[in-house]
Amino acid sequence: MIIARREAWTGRLFLVLLMVVTVVPFVSLFVTALHPSGTYPAGLEWPSQPRWSNFATAFEAAHMGELLTSSVLIVLGVVPVSLLIATMAGFAVGHLRMAGRRLVFLLFVLGLTLPFEGIITPLYYQIRDMGLLNTRWAIILPLIGLFMPFGVFWMRAHFVSVPGEISEAAEIDGANTWQRFWRVHVPLATPAISSLAILLFLWTWNQFLLAIVLVDDPAKRTMAGALGAFQGQWGTDIPLLCAGSLLVLAPTLVIFLIFQRRFVAALLQGSLKG
Amino acid sequence: MPVGRTTLDPAVELAGSQPERVRATRRVRRRDQWWTAWLFVAPAVVAYAVFVLLPLARTVQYSFYEWDGIGASPWVGFDNYGRVFTDPELSGTILNAVKLIVFFSGIPVLLGLAIASTIRRIATSRLAVAARVVLFVPQVIPLVAAGIAWSWLLSSTGLVNQLLSAIGLDGVTRAWLGDFATALPAVGVIGAWVLLGLCTLLLLAGMSKIDPALYEAARIDGAGPFREFFSITVPSLRQEIGVCVTVTVIAALASFDIIYIVTQGGPGNTTMVPGLEIYYQAFVQRQVGVASALAVVLVVLVLGCVLPIQRLTREESS
Numbered sequence: 001m002i003i004a005r006r007e008a009w010t011g012r013l014f015l016v017l018l019m020v021v022t023v024v025p026f027v028s029l030f031v032t033a034l035h036p037s038g039t040y041p042a043g044l045e046w047p048s049q050p051r052w053s054n055f056a057t058a059f060e061a062a063h064m065g066e067l068l069t070s071s072v073l074i075v076l077g078v079v080p081v082s083l084l085i086a087t088m089a090g091f092a093v094g095h096l097r098m099a100g101r102r103l104v105f106l107l108f109v110l111g112l113t114l115p116f117e118g119i120i121t122p123l124y125y126q127i128r129d130m131g132l133l134n135t136r137w138a139i140i141l142p143l144i145g146l147f148m149p150f151g152v153f154w155m156r157a158h159f160v161s162v163p164g165e166i167s168e169a170a171e172i173d174g175a176n177t178w179q180r181f182w183r184v185h186v187p188l189a190t191p192a193i194s195s196l197a198i199l200l201f202l203w204t205w206n207q208f209l210l211a212i213v214l215v216d217d218p219a220k221r222t223m224a225g226a227l228g229a230f231q232g233q234w235g236t237d238i239p240l241l242c243a244g245s246l247l248v249l250a251p252t253l254v255i256f257l258i259f260q261r262r263f264v265a266a267l268l269q270g271s272l273k274g
Numbered sequence: 001m002p003v004g005r006t007t008l009d010p011a012v013e014l015a016g017s018q019p020e021r022v023r024a025t026r027r028v029r030r031r032d033q034w035w036t037a038w039l040f041v042a043p044a045v046v047a048y049a050v051f052v053l054l055p056l057a058r059t060v061q062y063s064f065y066e067w068d069g070i071g072a073s074p075w076v077g078f079d080n081y082g083r084v085f086t087d088p089e090l091s092g093t094i095l096n097a098v099k100l101i102v103f104f105s106g107i108p109v110l111l112g113l114a115i116a117s118t119i120r121r122i123a124t125s126r127l128a129v130a131a132r133v134v135l136f137v138p139q140v141i142p143l144v145a146a147g148i149a150w151s152w153l154l155s156s157t158g159l160v161n162q163l164l165s166a167i168g169l170d171g172v173t174r175a176w177l178g179d180f181a182t183a184l185p186a187v188g189v190i191g192a193w194v195l196l197g198l199c200t201l202l203l204l205a206g207m208s209k210i211d212p213a214l215y216e217a218a219r220i221d222g223a224g225p226f227r228e229f230f231s232i233t234v235p236s237l238r239q240e241i242g243v244c245v246t247v248t249v250i251a252a253l254a255s256f257d258i259i260y261i262v263t264q265g266g267p268g269n270t271t272m273v274p275g276l277e278i279y280y281q282a283f284v285q286r287q288v289g290v291a292s293a294l295a296v297v298l299v300v301l302v303l304g305c306v307l308p309i310q311r312l313t314r315e316e317s318s
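Heads up: the sequence lines are chains A and B, in that order.
Residue 263 in the numbering used here is what sits at position 263 of the first sequence, and the numbering runs on without skipping anything.
Residue 89 in the numbering used here is what sits at position 89 of the second sequence, and the numbering runs on without skipping anything.
To be clear, the hints were calculated from the coordinates, so they are not data collected in a lab.
Accuracy of the hints is not assured; some may be wrong.
Computed list of chain B residues with no C-beta within reach of chain A, every gap over 10 Å [claimed, not checked]:
#  : residue
1  : F64
2  : D68
3  : F78
4  : D79
5  : K99
6  : I167
7  : G171
8  : M207
9  : A213
10 : P235
11 : R238
12 : G266
13 : P267
14 : T270
15 : L312
Okay, the calculated bits of chain A under chain B, using three or more residues with CB under 8 Å as the criterion [unchecked claim]:
#  : segment
16 : 8 to 19
17 : 22 to 32
18 : 100 to 113
19 : 140 to 149
Incomplete in silico selection of chain A near chain B, CB under 8 Å [as the list claims (entries may be wrong)]:
#  : residue
20 : I85
21 : M88
22 : V152
23 : Q260
What you are looking at is a predicted structure, and each value in this text was computed from that prediction instead of being measured.
Glycine included, C-beta positions come from ideal geometry on N, C-alpha and C.
Produce the entire structure from the sequences given, and follow the hints as far as they go.
Here it is as structure tokens:
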């Protein structure tokens, strides 16, 4: 018993230490953001007069309102479409047992490990030829394609585990394939789809490479891409940069804290499957 | 729906006796399924083909040409690949990426294992539930923001140096990201910070599936925490360890966001990685052929690292 209790205490100690290490960068950002703009505060030091107005200044300087709208538009362009077509494909590959499903699935699996840098150069010229450079479509369309390997993989894993009887029952009721998909299988797949939605939202919102390569105007980028531009512009004004970074990471953080259970589950499953 | 069926389909009505009718509809339905299934797959395949497979094929194609993005593009065979492996500026990036694996994979997996096995006993306590949320935060925020936070922590007046001075190590303080000797390890530490929480929680989730009776039996046989760890915990976690290694190795080899923000590849080329070099070659130097050759090498390198890991863990687990 004594041994077990001692182990429990070392466990707690480790856990607290790990949490501190995780949180420290954010505390440092926060404290630094409160210093007078243009100064170089030393380490963790609470300012004599916290400048809360820095957040407002950074909000203005980074055009945060526009950025939020832009990121939301991009997410709305990417996530629903990706969910729909990935679910349809997962359904066909995992449940309809069509001829050639192995080949199709293999094709998608091969894309799972593909680094975005591997295709970014031709993608730039392709998007240019399509006349989409510097529009939000330049981020939206490629992301839909890039999310397909994981999306199909994820949804297939769900549909493979659905018993065939469910479909047969609906078939006897005279439902065609689309009706069976839409009325029976999609409602049953809600947990899998919502986890996928969370992951795709995060990956879209935080997408950086596509944003900086394909869109010059920060106001049409994702949040993460805009922060890159903000750093270039205000990199020398540390407190303002810190305030801006906090503002940029705030939306994901807030959404994460609201849906934390779902997020943690989705991220754990997501990496286990991926 | 049954009502709808009785409002007669002439074909069904004419089909004669019951069994024949059933067979007929079934055959029709099966044929119907064959192409409807393809209709279901088509949108995903089209999106994937147009925005992933086509650019990937073009990457391979571009890698055999010399092209500045505008003018003529002469065929140069394998010259670009030759440059990737002989030009120290380019081959160095691959070496740096491999070194980053030590930090991105080594630290999170080993430390994660150690931490997870220490906190295994309190995995259901309230503290652990809170920790689960906190440890996930680095996974949720944009890497760019993590980069900005860390570049400030590691700066010459940052918290890291403040702490070092506080414990009397004034001598080692420096601008960690600006020093030729420490820039790459410093970048590695940032990556380790991002991935440590994820690995710990993945491993912890795996440990919760191990039968506690195994541990009790080991205790009765007089095994200490270390013996327990190596004889029970590690072998039972092969699959989870495999996942952690896969995810972190990809993160190391394909790193871009953090390095773009904190060092831009410098000082010199000490933190230049393939992802960033591809970006520079393609969009700053306008050496599309060289960028593409490096991209092909990167894709192959990632596959070459991930496939063996997958094979090892899959075989062991099945």
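Hints versus structure:
1. Even its closest Cβ contact with chain A, about 13 Å, leaves F64(B) beyond 10 Å, as expected for a residue assigned away from the interface.
2. Remark: the non-interface label on D68(B) is consistent with the geometry, its nearest Cβ contact in chain A lying 12 Å away (cut-off 10 Å).
3. The claim that F78(B) lies off the interface holds: its Cβ sits roughly 18 Å from the closest Cβ of chain A, which is beyond the 10 Å cut-off.
4. Distance check on D79(B): its Cβ is at least 17 Å (rounded) from any Cβ of chain A, clearing the 10 Å threshold; non-interface status holds.
5. The claim that K99(B) is not at the interface with chain A holds, since no C-beta of that chain comes within 10 Å of its own (minimum 17 Å).
6. With a cut of 10 Å on Cβ distances, I167(B) stays outside the contact zone with chain A, its closest approach being about 13 Å.
7. Every Cβ of chain A is farther than 10 Å from the Cβ of G171(B); the closest lies at roughly 18 Å, confirming the non-interface assignment.
8. Every CB of chain A lies more than 10 Å from the CB of M207(B), the least distance being 12 Å, so the non-interface label holds.
9. Every beta carbon of chain A lies more than 10 Å from that of A213(B), the smallest distance being close to 16 Å; the non-interface claim holds.
10. With 10 Å as the threshold on Cβ separation, the claim that P235(B) sits away from chain A holds: the shortest Cβ distance comes to roughly 18 Å.
11. The claim that R238(B) is not at the interface with chain A holds, since no C-beta of that chain comes within 10 Å of its own (minimum 13 Å).
12. Here G266(B) stays apart from chain A, with its beta-carbon at least about 14 Å from theirs, past the 10 Å limit.
13. For P267(B), the requirement that its beta carbon stay farther than 10 Å from each beta carbon of chain A is met, with the minimum near 16 Å.
14. With a closest Cβ-Cβ approach of about 19 Å to chain A, T270(B) is found to remain outside the 10 Å limit, as its non-interface label requires.
15. Non-interface call for L312(B) relative to chain A: holds, since the shortest CB-CB distance, roughly 16 Å, exceeds 10 Å.
16. For the segment 8 to 19 of chain A, the assignment as covered by chain B holds, since 9 residues bring a beta-carbon within under 8 Å of that chain's beta-carbons and 3 suffice.
17. Given as covered by chain B, the segment 22 to 32 of chain A passes the check, having 8 residues with a CB less than 8 Å from a CB of that chain where 3 are the minimum.
18. Using a Cβ-Cβ cut-off of 8 Å, 6 residues of the segment 100 to 113 of chain A lie near chain B, which meets the minimum of three, so the contact claim holds.
19. Note: the segment 140 to 149 of chain A has 7 residues with beta-carbon separation from chain B under 8 Å; the three-residue rule is met and the coverage holds.
20. With a least beta-carbon distance of about 4 Å to chain B, the hint placing I85(A) at the interface is held under the 8 Å criterion.
21. Annotation: interface hint on M88(A) holds; nearest CB of chain B at approximately 4 Å, less than 8 Å.
22. Because the smallest distance between the Cβ of V152(A) and any Cβ of chain B comes to about 6 Å, under 8 Å, the interface hint for this residue holds.
23. For Q260(A), the suggested interface contact is upheld, since its CB lies about 5 Å from the closest CB of chain B, less than 8 Å.
In terms of the numbered hints stated before, the structure departs from none.
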